[in-house]
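Numbering (this note's numbering), first residue to last: 108 to 280.
It is worth saying that the hints were derived from the structure and are not from the lab. The beta carbon of each residue, even a glycine, is placed where N, CA and C say it ideally should be. Be a bit skeptical, because a hint or two may be false.
Label-pair restraints from in silico Cβ distances [stated by the list, open to error]:
hint, residue 1, residue 2, range
1, E261, E120, 24 to 30 Å
2, I227, G195, 18 to 24 Å
3, G216, I275, 19 to 25 Å
4, E236, A215, 15 to 21 Å
5, D266, P161, 38 to 44 Å
6, A196, G216, 20 to 26 Å
7, L144, H184, 18 to 24 Å
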Amino acid sequence: MILLGIGANLPTEKYGDALSGCMAALRMLEASGVQVLASSRWYRSAPVPVSDQPWFVNGVVSVRTDFLPETLLTILHSVENNFGRMRGAPNAARVMDIDILAYGDMVAGWEAGSTWAGDIIIPHPRMHERGFVLYPLAEIAPDWRHPVLDRTAEELIRDLPGGQMVEIIVSAP
Numbered sequence: 108m109i110l111l112g113i114g115a116n117l118p119t120e121k122y123g124d125a126l127s128g129c130m131a132a133l134r135m136l137e138a139s140g141v142q143v144l145a146s147s148r149w150y151r152s153a154p155v156p157v158s159d160q161p162w163f164v165n166g167v168v169s170v171r172t173d174f175l176p177e178t179l180l181t182i183l184h185s186v187e188n189n190f191g192r193m194r195g196a197p198n199a200a201r202v203m204d205i206d207i208l209a210y211g212d213m214v215a216g217w218e219a220g221s222t223w224a225g226d227i228i229i230p231h232p233r234m235h236e237r238g239f240v241l242y243p244l245a246e247i248a249p250d251w252r253h254p255v256l257d258r259t260a261e262e263l264i265r266d267l268p269g270g271q272m273v274e275i276i277v278s279a280p
């Protein structure tokens with residue numbers, strides 16, 4: 108199972124508000140050869156870590172593709188770039204963010220002491236700490252297990268740090 112996280116908290120002139128942008132990103136993924144199999148509902152979430160930037164719209168999708176992870180990541184970056192995504196400070200406000208959360212049972216980049224240096228890290232290194240990822244993930248893949256931590260999304264939700272505000276805003280597209 109290939110899982111992607113999609114989120115945004117800034118509008119764009121071309122696509123409108125963050126929710127409209129996230130839905131447009133799904134269409135772009137389909138047009139790029141990434142078949143969306145299942146979509147969570149959309150969630151509204153406070154920024155993590157806490158900041159004064161606008162709340163995010165987030166969702167998780169299960170996809171099918173023949174692309175290898177590196178090629179898929181290039182496609183995701185291309186979609187983000189189409190929205191005008193500028194990579195800057197970590198956790199900054201953004202017009203579009205699409206992450207590979209999991210790619211089957213693959214584990215890459217989790218070696219002891221590894222840090223983000225542009226190389227792919229699968230599963231996503233902070234997904235287990237983020238309610239805005241885990242709640243929609245549990246919705247579409249309740250039996251999924253984190254390939255490193257060997258825990259389901261529901262189990263990971265129970266151990267989330269406090270203070271993360273996540274709420275459902277709309278049904279799946």
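Right, here's what the structure says about each hint:
1. The hinted window of 24 to 30 Å between E261 and E120 is violated, with their beta carbons roughly 39 Å apart.
2. Between I227 and G195 the Cβ separation comes to about 20 Å, which falls inside the hinted range of 18 to 24 Å.
3. For G216 and I275, the hinted distance range of 19 to 25 Å is not satisfied, since their beta carbons lie about 32 Å from each other.
4. Judged by the Cβ atoms, the range 15 to 21 Å given for E236 and A215 holds: they are separated by roughly 19 Å.
5. For the hinted restraint 38 to 44 Å between D266 and P161, the CB-CB distance of approximately 27 Å leaves it violated.
6. The supplied range of 20 to 26 Å is met by A196 and G216, whose beta-carbon atoms lie about 21 Å from each other.
7. Between L144 and H184 the CB atoms are about 22 Å apart, so this pair conforms to the stated range of 18 to 24 Å.
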